Every structure is written in C-alpha cells, then in structure tokens.
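Peer 1: Residue numbers (my numbering), protein chains in the order written: chain A, 1 to 344; chain B, 345 to 686.
Source of the hints: derived by calculation from the structure; they are not laboratory data.
Just to be clear, a hint being listed does not mean it is correct.
[What the hints assert, rightly or not] Simulated restraints on C-beta separations:
id: 1; chain 1: B; residue 1: A362; chain 2: A; residue 2: P109; range: 48 to 54 Å
id: 2; chain 1: A; residue 1: P109; chain 2: B; residue 2: E495; range: 26 to 32 Å
id: 3; chain 1: B; residue 1: A362; chain 2: A; residue 2: L66; range: 34 to 40 Å
id: 4; chain 1: B; residue 1: R501; chain 2: A; residue 2: N147; range: 50 to 56 Å
Note that the structure is predicted; figures quoted are calculated from it, not measured.
All residues carry an ideal CB built from backbone N, CA and C; glycine is no exception.
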Amino acid sequence: MSEPILQVRNLVKHFPLTQGVLFKKQIGAVKAVDGISFDLYRGETLGIVGESGCGKSTVAKLLMNLEQATSGEVFYKGQDITKLSGRALKAVRRNIQMVFQDPYTSLNPRMTVGDIIGEPFDIHPEVAPKGSRRAKVEELLDVVGLNPEYINRYPHQFSGGQRQRIGIARGLALNPEIIICDEPVSALDVSVQAQVVNLMEKLQDEFDLSYVFIAHDLSIVRHISDRVGVMYLGRMAEIGTDAEIYEHPTHPYTQALLSAVPVPDPEAREHRERIILAGDVPSPANPPSGCRFRTRCWKAEDRCAEETPLLAVPTRFQGAGTPAEHESACHFAEEKDPVGSHAA
Amino acid sequence: MTVIDQTAGAPAPGTTTAPLLEVRDLHVEFHTRDGVAKAVNGVNYSVNAGETLAVLGESGSGKSVTAQAIMGILDMPPGRIPRGEILFQGRDMLKMSAEERRKLRGRKIAMIFQDALSSLNPVLSVGYQLGEMFRAHQGLSRKAAKAKAIELMDRVRIPAAKERVNDYPHQFSGGMRQRIMIAMALALEPDLIIADEPTTALDVTVQAQVMDLLAELQQEFTMGLILITHDLGVVADVADKIAVMYAGRIVEDAPVHEIYKRPAHPYTKGLLQSIPRLDQKGQELYAIKGLPPNLLRIPSGCAFNPRCPMAQDICRTEVPVLHTVGDRRGSACHFWKETLGE
C-alpha cells in the first residue's frame, strides 16, 4: 500500500465539565476521544463504526481541526494540523473536506444551490477565478448527478438524497484529497442510500479521493470500506481490513456488535447465535478503569480492570499469517465465528 | 380502487376466530395549501392475536398514517378519512364515538413511538407517567399506581426500579427510555400493540435488547403486534408476515419467509437488492432509480411505474389490483409472474 496521507497519533479530546457561574472550576471531563491512532492511505476508504457516544463524530471534527485536540497529533503530509492556525490551517483545510450527516440542516436555506456549492471559492479564490465560478459550479452539479439548470434553486426544493448530493458537491469543490464523511447516508431512505453510496464510490475512483467514512450502519460500511476501525467509548477496539473485522473479529465488542445486526434473511433467525450485551454504554465522563468494555464483557477478569489493553496484534496471533492477525485491544482476544456475521 | 384483499380474511392456521384487527380499504388524505395529499389509498391488512405483522415502507409511504388512523390520533383536519373500515374485534372503530374510542386506546390498543425522549413528558417523573395509566383508566390511588409503575419497570427489566421510579426521562439512557415506553404500552395489557419504528433511534446492541424484550412480552400476553419499520433486517428477525407499502398502497403482502426468497413485486425486489451483500463488494450497489413520489401528484397507473425496471404501457394507465400470487400472498403488479420468475 502507498504512503499514509493522514497519520493520527494518540489523539485525545476531553471536554471539561465545569461548576459555578463566575468562578468556573473544572470538576471533571467528558473523555470523548481518549488516545486514538490510525493511518489513512491515499485512495482508500477507512470506515469507522461505533455506537452513539463512542466519539466517532468528535474524531471527524478533530481531523478537520474544527475542535482543538487536548493532546495528540494529526499529521497531514508530515505537518501536524492540530498545531496549525490562520493561513497555514486554511491551506490544509482546502485538501480535507467534510460531508455532514443531515442534509436538512447542513445547507443554508436562504442560499441558492449555486451559492452553497460556490462558497468554498470565496474562501479559496485561487481555485476558481471569479469569472469561471458559475461554470465550475455547473460542472460540479453535473458530476454529482444533478441537473446544472438547478443552480438557482433553494435547498427546500430538493429531496433528501438530492440535498446530500449538494453537500457532496460542496465537499468536492476545492478538489480535496481527503473527504471526511460523518454518517453521510443515515438520514436517507433505503432506496436512496444505495444511489448516494454508488455516487461516492464513483467519485473516489474519478478524483482519487481518500475517505474517512463514519457510520453506524455496519453493512454499508463494509460495502464501501477497505479497512474498518471499531470504536468503543473513546478508544479504538479493533482495526483491520474489512474481511478481518467482519469475518474474523477478535475483540468481544466487535463480535457482539456484529451478532446484534439484524440479518435480512428470515431463515437465519433460528440458527443464529446472538450475543446480547447487558446494560448500556457507561458515561464517557466516568469511564471504567482498564479496558473500557469490561463492564459489559463476558470475558472480563481482574486483569481487565487493572491493565489497559493496547491496540496491537495479540501475541497469540503474531506471525500466524491468518486473518486474525490484526490489531485488537483485548487481553483475551480470540476468534469466535459469530453466526450470521457473513451477511452483515 | 376497491379491492378486497383475499388474504386479509384468512385466519392463521390453528385459529378459527376473526382477526383481531382488520383494516379494509382505508383511505386517508390531507388537505393542504398545495392541494390534497393522498397519504393512504386503499390499504387492507389484518393481524391475529399473537401474530406480528411488519409494515415496511419508506418515508411518505403511508405506514405511519395508517397506524395513526387505527389509533385514532390523526389530526383531523387537515386529515380526513373519506373511505374505509377499521375492524377491531369485529367492530368498526371509525363508526364509534370519540368516547368509545378513548376507552379502547391504551386498554385494548396501545402504541409505541419512535422517539421516546419527545414522547415522554420531561417535567414529570417516569413513575408518575406510568402510574397515570392506572389512575386514569382504573381509578387507582396515587400510591397504588406508583406500586404498579414499579412492577412494570421491573417487568421491562429496568434495574433498581424502586429507586428510579421518581427519576425524570432525561436521567435515563435511550434504550431505557424505550423500555419505559414499552412498559407504558403494556400497562393495561392491551390486545394489540402498534410499534412505530421502535428501535430506529437506538444503537444496534440496544436495539437487539429492546426487540428481544418486545417479542418476549408479546408471547407472554399473546398480543397482536404491528411493527412499522423501514429496516429489512429487523423485519426478518421478528415478523410473521409482511405488508410492503408504497405511495399509500400495499404493493405486496406475504408470510415472511417467502418474501425474502422470492419477492413478487419489483419494489420489494429492488429494496432487497439494494442491501449491500458480501459478493457485491467493490461493485456498484443496486439502486432503485428516481425518488419516492410526491403525494400531491401520485403517478397515474401503478405509482411505482416511473422507477420500475419492468414498467410497460399498461403500468402507466391501469392501477394494478392486489393479485393473489400464492398461499396467503398478494402482489399489486401487472407483471407479478415475471417478477416471481415464473
């Protein structure tokens, strides 16, 4: 594989919890992201899955430097973007763009589609000189499969799927290298989701884009991703290629998550082994010691409370040459074929 | 269109009684500034006691409006029911007085909504809200109602129910709030529960817990369950039979096993094909072209014809009736034989 285009190292984001009106004193912190590392390679799609509150959207914001990281680094072409500001940050952001979840609130209702897609050019005029903007916007509309004649329409005149195409066109406007997609299809109807996913794959080939694809729908993530990272409570539980994660998961959380996905096949209903996790995700303001997942894990022992498992290839699988040989943050990582996961 | 669904009246094997709930040729329309939106255009379905009917459809297909009509919680106006019957235990609810219907709601038919946080009152404790069911319907005292509320919370497995009965909705997690909604629906042991996207707002691991709980309680009380959803996975997991809705009509109904194996309507087929599958990795996903129709301007003939790969001239002019295509199966497609691959 090629050189990584984005390297994330020990990324941490804590949101302070304060008390008092005039003299605010910090009484704790929501540990939204707590030490995450991964690489993104050129032209690949890295899927990030996890349940609500696991910190996946915070990661997206940190990669864009929309949130200031508490500590850790994000290297883009050797430059740590968490330390950048002003002109240098603006230059980097040209190459890292974002597509948001909700196409209903992420487009300004009082701007025409032409203005929305053309707005990035106001901020980066070097990409499109003033005279050529209209033509550029029309070209972008065409690229995402919308009629270029719609340039003067307003967002409310479009359906959800069409709006998401507008959001994608805006993301493409500056010819970025990386697009961070935060739940780009979860607000759309099933029949429209497939259209948008196809469009995103087509654009990736056409423009050699790298995607960070954040979603909670495991089957869509599997379809689009080359590699998948599973997050739980601010940490990466397991990361590997799509086949490694979906067919040979070694982390108990991944196994439980995959087994809980409803399989669209009524025949599988009877002979499917499901792991039903007890309880809810603990609060990120007061996460469990050691392994974050231990409070819901059926394998948990004393060691899990004392020692934080590192994200690494488990020793028992090192050099095994099997698909189980991928990074997993569990003391007791082992393969267990969850029945039914093949269809996820 | 007045087609009586031949499958609707057929009793489930092993029972001889009339269905618990039967919807016959139901029409619902909304009068808006831009015209009349025809949300439901002749829906027929039935549920027996202990049976789970999944109503599958995209947004705007009329699946929730049908449920609201059954519950009698449609906003009228702008809503209107120009035609149809909703038979509950043999009696047409649309002909009942408001008072009679109010007595059925909660006691005989209960509903679980999608968004538990906005369905619960944020300024009242959950114990009070659960107890309200008993105070209003059974005239219990506050103390007795609270004891009942604790019992219910135990039953839907909320840990430490006794300590948490005075907590407010925001103090519970999403999964717990949905359990409270289920508890509220179960309070008076109704015969029928309508669950409108009960797990859509929940994470998959929590979704699995909640669906399991719902299925278990349904068994215990042999309730009928109408599950409204767009998730083909959830349907395959729990449903006995499925009704697929499109533009306010049922386009296909069938027992659950058959529909996944051999869909008889191009829309159902398209939905099933657009689920990402393993062997399609790296290929383009199958996508139903176009968009769901505007309910103010439903296409003539078969509403699905502009998006249908099999559409012919007849589809643009003639509304297909729900053909019987097998044992307790129906498909509203002129070309159901071709779709089935016969």
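Peer 1: With respect to the beta-carbon atoms only, verify the hint that R501(B) and N147(A) lie 50 to 56 Å apart.
Peer 2: 53 Å, holds
Peer 1: I want to verify a distance hint. Is the separation of the beta carbons of P109(A) and E495(B) within 26 to 32 Å?
Peer 2: 48 Å, violated
Peer 1: Check the following: the C-beta atoms of A362(B) and P109(A) are separated by a distance inside 48 to 54 Å.
Peer 2: 51 Å, holds
Peer 1: Can you tell me whether the CB distance of A362(B) to L66(A) sits inside 34 to 40 Å?
Peer 2: This hint is violated: roughly 60 Å between Cβ atoms.
In this structure, the earlier hints numbered 2 and 3 are contradicted, and the remaining ones agree with it.
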